[in-house]
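The listed protein sequences correspond, in order, to chains A and B. My numbering numbers the first residue of the first sequence as 10 and each following residue consecutively. My numbering numbers the first residue of the second sequence as 10 and each following residue consecutively.
Treat each hint with caution, since some may be false.
One copy or any two copies: either way a pair holds, since identical chains are not told apart in the list.
Stated by the list, open to error - Computed list of lysine-lysine pairs in DSSO-like fashion (alpha-carbon distance at most 30 Å, straight line): (1) Lys-207 <-> Lys-305; (2) Lys-196 <-> Lys-305; (3) Lys-207 <-> Lys-150; (4) Lys-213 <-> Lys-170; (5) Lys-213 <-> Lys-196; (6) Lys-29 <-> Lys-196; (7) Lys-305 <-> Lys-213; (8) Lys-257 <-> Lys-116; (9) Lys-257 <-> Lys-150; (10) Lys-298 <-> Lys-150; (11) Lys-213 <-> Lys-298.
Rather than coming from a laboratory, the hints here were simulated on the basis of the structure.
2 protein chains.
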Amino acid sequence: MSILIVGSVAYDGIETPFGKRDRILGGSATYLSITSSYFTGDVNLVGVVGHDFEASDIEILRNRGVNLDGLKIDKSGKTFFWAGRYHYDLNSRDTLDTQLNVFETFKPEIPENLRNVEYLCLGNIAPSLQSLVLDQVKSPKLVICDTMNFWIEGAREDLLKTLSRVDVLIINDSEARELSGEPNLVKAAALIHDMGPKTLIIKKGEHGALLFTGNEIFSAPAFPVLDIFDPTGAGDTFMGGFAGWLAKTGDHSPENLRRAVIYGSVMASFCVEKFGPERLLEISEDAIKVRYNAFKELSEVPAHD
Amino acid sequence: MSILIVGSVAYDGIETPFGKRDRILGGSATYLSITSSYFTGDVNLVGVVGHDFEASDIEILRNRGVNLDGLKIDKSGKTFFWAGRYHYDLNSRDTLDTQLNVFETFKPEIPENLRNVEYLCLGNIAPSLQSLVLDQVKSPKLVICDTMNFWIEGAREDLLKTLSRVDVLIINDSEARELSGEPNLVKAAALIHDMGPKTLIIKKGEHGALLFTGNEIFSAPAFPVLDIFDPTGAGDTFMGGFAGWLAKTGDHSPENLRRAVIYGSVMASFCVEKFGPERLLEISEDAIKVRYNAFKELSEVPAHD
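Chain A with its partners taken away, still in its complex shape:
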């Protein structure tokens, strides 16, 4: 089924304890598109880049079958640029540079032929822009949304309006606590449920993820990765695997939502193995299945006797 992705397309400068890249393809829409393209052939990206965006990067996305009709090339400026340095434990990072460039005035316009999209992925952009996208699409089967502390703190009213129209919210544990004002994640999930999203996924980094759906909770493990090279994009990649699996299957049952969470975790575990999206561009569908089975094995609880 079709999937529409709205978010940033960027160049990133990344420093980790293992190396450095001065300028590498990045942005939430980039990770979301590349990842979901492993699950469905109908991936459509809406975003903006500047005059410096390279033809070879267009080709990377095209080679993954991503439809770029909704990618605006704004000649008036440069592509969104972000640079950051990860600390030794890779759990925290310093932002070294943020140049919004053409992203600063980005107003997502959904091409007419994409307004009937079935799966809508709202990457982490201003909640008012997420609402603008929701105004333009007709009746998607599922709306999946990301956000961050910056909007929870600075655009709470806008965010609450967006959330009332969202089916699945994917955030991390500190964001869930801040959004709900509640430290206990089970209670936080109930409060966020009341804001709109019937399904909530709380990402916990190296500790896996929690899926709250109806009265059921699913605890997904993280893959014990020996060498994390670069965590950039892991969260977007998780969302891309989750959304991609649902778009492939069209099944929103609690059981299939669990599968989607595992596919998200699988893709994120690949993402961190190399810089930026490098690893995501070289994996095979077989490798994805093998790792899915490794996740299943990793968390298999035997019957009690």
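Fit chain B to the known structure of chain A by using the hints.
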């Protein structure tokens, strides 16, 4: 099968955001004994208490079928006392008072009739005392050991001697990192394996636990508890459930070690529901099975298609 538990028996003063107890039965050997008594009828405690230890607390342990032949009553002083205050998020605490009392000069003596014990649980005491216990027992089927940062930093040589004689080490994530000098837990586990313990369990509090055995890793979830009243003793309770299940079954296969980790997690999830060991003293074997199944359900990954 028989289980021998060596550790502290104490009174605790506990403050949490939910209430306060000035003086409640505590200590690692107390939690270990009460918990493992749900799995095997042959639980034997070795420890020391002072003249102030109350007959009603002796009765609590006797009622759980715990053999107290190895509990020394040292009339020269008072029972080990610890007091602490938990912060709002319950993940950190301040120690308000520590009075070692008769525990300061404790030298564990294993009664002759207990030296043939099959399962040996070394609670968190000085590594030199753990070695002293190992010198006295004959050939236990399994030695399970706890330790803490205090000994990793202050008695490293003694600890390494003890670890070379230990089959299963149970520690938390920060302790595993400190003991191995390695932030990545998979690599840390391999380094600790080389110190002696063939099996390592890394507890991660609200994020569950990891079991490393041979080349296999098992990721156990934590139970999403709505109201954590008091985390005191949760780690010892985990160890008691783990050891108790193994003593009940005598099966050290990787699959059964997974069950043991889940039973440990089940018992710890009960422990935190009330103050001190209060909740542990009122649960039923049925409740334990029901919660085991809840853990299994919580982390069940469906086949990929």
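Within, between, both or neither: how does the pair Lys-298, Lys-150 come out at a Cα-Cα threshold of 30 Å? within (26 Å within a copy, 39 Å between copies)
Intra/inter-copy verdict for Lys-207 and Lys-305 if alpha-carbon distance must be at most 30 Å: both (25 Å within a copy, 24 Å between copies)
Have a look at Lys-305 and Lys-213 and pick one of within, between, both or neither, based on CA distance no larger than 30 Å. both (18 Å within a copy, 20 Å between copies)
Identical-chain pair category, Lys-196 with Lys-305, by Cα at 30 Å: both (27 Å within a copy, 22 Å between copies)
Checking Lys-213 and Lys-170: alpha-carbon separation at most 30 Å within a copy, between copies, both or neither? within (25 Å within a copy, 36 Å between copies)
With identical chains, the pair Lys-213 and Lys-196 could be close in the same copy or across copies; at 30 Å between alpha carbons, which is it: within, between, both, or neither? both (16 Å within a copy, 20 Å between copies)
When no copy is specified for Lys-213 and Lys-298, does a C-alpha distance of 30 Å or less occur within a copy, between copies, both, or neither? both (23 Å within a copy, 28 Å between copies)
Check Lys-29 against Lys-196 for me: Cα-Cα at most 30 Å, and say if that holds within a copy, between copies, both or neither. Answer is between; shortest inter-copy Cα gap is 23 Å, intra-copy 40 Å.
Lys-257 and Lys-150: within-copy, between-copy, both or neither at 30 Å Cα: Close inside one copy (13 Å), not across copies (51 Å); limit 30 Å.
At 30 Å max between alpha carbons, let me know whether Lys-257 reaches Lys-116 within a copy, between copies, both or neither. within (29 Å within a copy, 65 Å between copies)
Intra- versus inter-subunit Cα pairing at 30 Å for Lys-207 with Lys-150: within (13 Å within a copy, 50 Å between copies)
Consistency with the previously given hints is maintained throughout, with no hint failing.
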